[in-house]
Amino acid sequence: EAGVAQSPRYKIIEKRQSVAFWCNPISGHATLYWYQQILGQGPKLLIQFQNNGVVDDSQLPKDRFSAERLKGVDSTLKIQPAKLEDSAVYLCASSLEFGGIEQFFGPGTRLTVL
Amino acid sequence: GESVGLHLPTLSVQEGDNSIINCAYSNSASDYFIWYKQESGKGPQFIIDIRSNMDKRQGQRVTVLLNKTVKHLSLQIAATQPGDSAVYFCAERKGNQFYFGTGTSLTVIP
Chain R
1 EAGVAQSPRY KIIEKRQSVA FWCNPISGHA TLYWYQQILG QGPKLLIQFQ NNGVVDDSQL
61 PKDRFSAERL KGVDSTLKIQ PAKLEDSAVY LCASSLEFGG IEQFFGPGTR LTVL
Chain Z
1 GESVGLHLPT LSVQEGDNSI INCAYSNSAS DYFIWYKQES GKGPQFIIDI RSNMDKRQGQ
61 RVTVLLNKTV KHLSLQIAAT QPGDSAVYFC AERKGNQFYF GTGTSLTVIP
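Order-wise, the sequence lines are chains R and Z. Per my numbering: the first sequence = residues 1 to 114. Per my numbering: the second sequence = residues 1 to 110.
None of the hints are false.
Some, not all, of what chain R presents toward chain Z, calculated at C-beta under 7 Å:
1) Gln41
2) Pro43
3) Asp56
4) Gly99
5) Ile101
6) Pro107
7) Gly108
Here chain R is said to cover these stretches of chain Z; the calculated rule only asks that three of the stretch's residues, wherever they fall, bring their Cβ under 8 Å from a Cβ of chain R:
8) 44-56
9) 96-105
Simulated from the structure, these hints should not be mistaken for laboratory data. Ideal Cβ positions, reconstructed from N, Cα and C, are used throughout, including at glycine.
For reference, chain Z alone in the conformation it holds in the complex (with noise of 0.2 Å):
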């Protein structure tokens, strides 16, 4: 299968400070690359998309960068709320496909 993978396993952010969740991805011929938000006990929530040929998306406290020299991809959130607490996937399409990474598991500090 395709590989997405995340750096990090865990992070913790004290409240009102920016987070950073990064993503490695193997496969260049995605054409769209996507952050989904799962809180505990619920199915994953759309968050952000970028498509492949664009470098930065900005949405409600949200910001996607990807970097396809290094095959990196990150979501900031500003201003971290406890409710951002969640893990927090990249997911990638390739043609019809989707293929999700591990996650990372964000903790926020109040």
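Looking at chain R on its own, in the form it has when it is part of the complex (with noise of 0.2 Å):
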């Protein structure tokens, strides 16, 4: 089966610019989480939806980031502004159903703020 699709792999902006990240979760997954992991830590849960509905967004920096699943399949999380401690690989996971342990991820975007 495929696996979870993220895009763009890369991306480079000023501060105060805006972002936007894609992601496509595996088939038939209800649930889709977005991470942000910083060079040299572990991910960092920011959001979680079931099918099209938020679940829990109490990590997630709303002053300046949000995100949608419209129809309940694809995703995407945006930034604006955005701020240097941005830079990041923003990963989107899935998972069968919600709170699912084994949860799989897609490889990532990698974001720099300059």
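Combine the two chains into a complex, taking the hints into account.
Okay, structure coming up:
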């Protein structure tokens, strides 16, 4: 089966610009996660979707980050405006059910903010 | 946030030897502990999990041990191979949240 797809793979922007990341989870997976992984650290969970609804966004910096999963499949994560400290790899993952222990991760989008 | 930490940031082992990667956690309310492997340029890959009411679980060439008394988790890899070279993360699930540790970089020396 196809894995989790993410695009773009790399993005370089200047601070205060906007950026968007796209994720296509594994077909049939109800739950989608966005993580932020700063260099040298483990992934940090930002937001979780169950189908097209947000179930937890407590770790999402809502003043600048937003995410949506309108049709319960693909998802986009947006940062507006970006700050230097947003430089990280943004990982998308999916699981068959909510709270699924086994999450399947995409390759991530590496964001560099200059 | 929660604290899931690793004892050592790097580990080097000879090919064929066994590897042991350790992890300390601070949250007793977590119901699952999970190990992930992350190769360079890729997303994390699930290896094995263990429920909090278990002490040991075995998979293919891997064993996870959980010591709740000292809040310690370990991943043992038998007969380590060059393909095992990666960063290994322990993670825990508490409620609907997942918390990852910092990671241990494992290098296998041929």
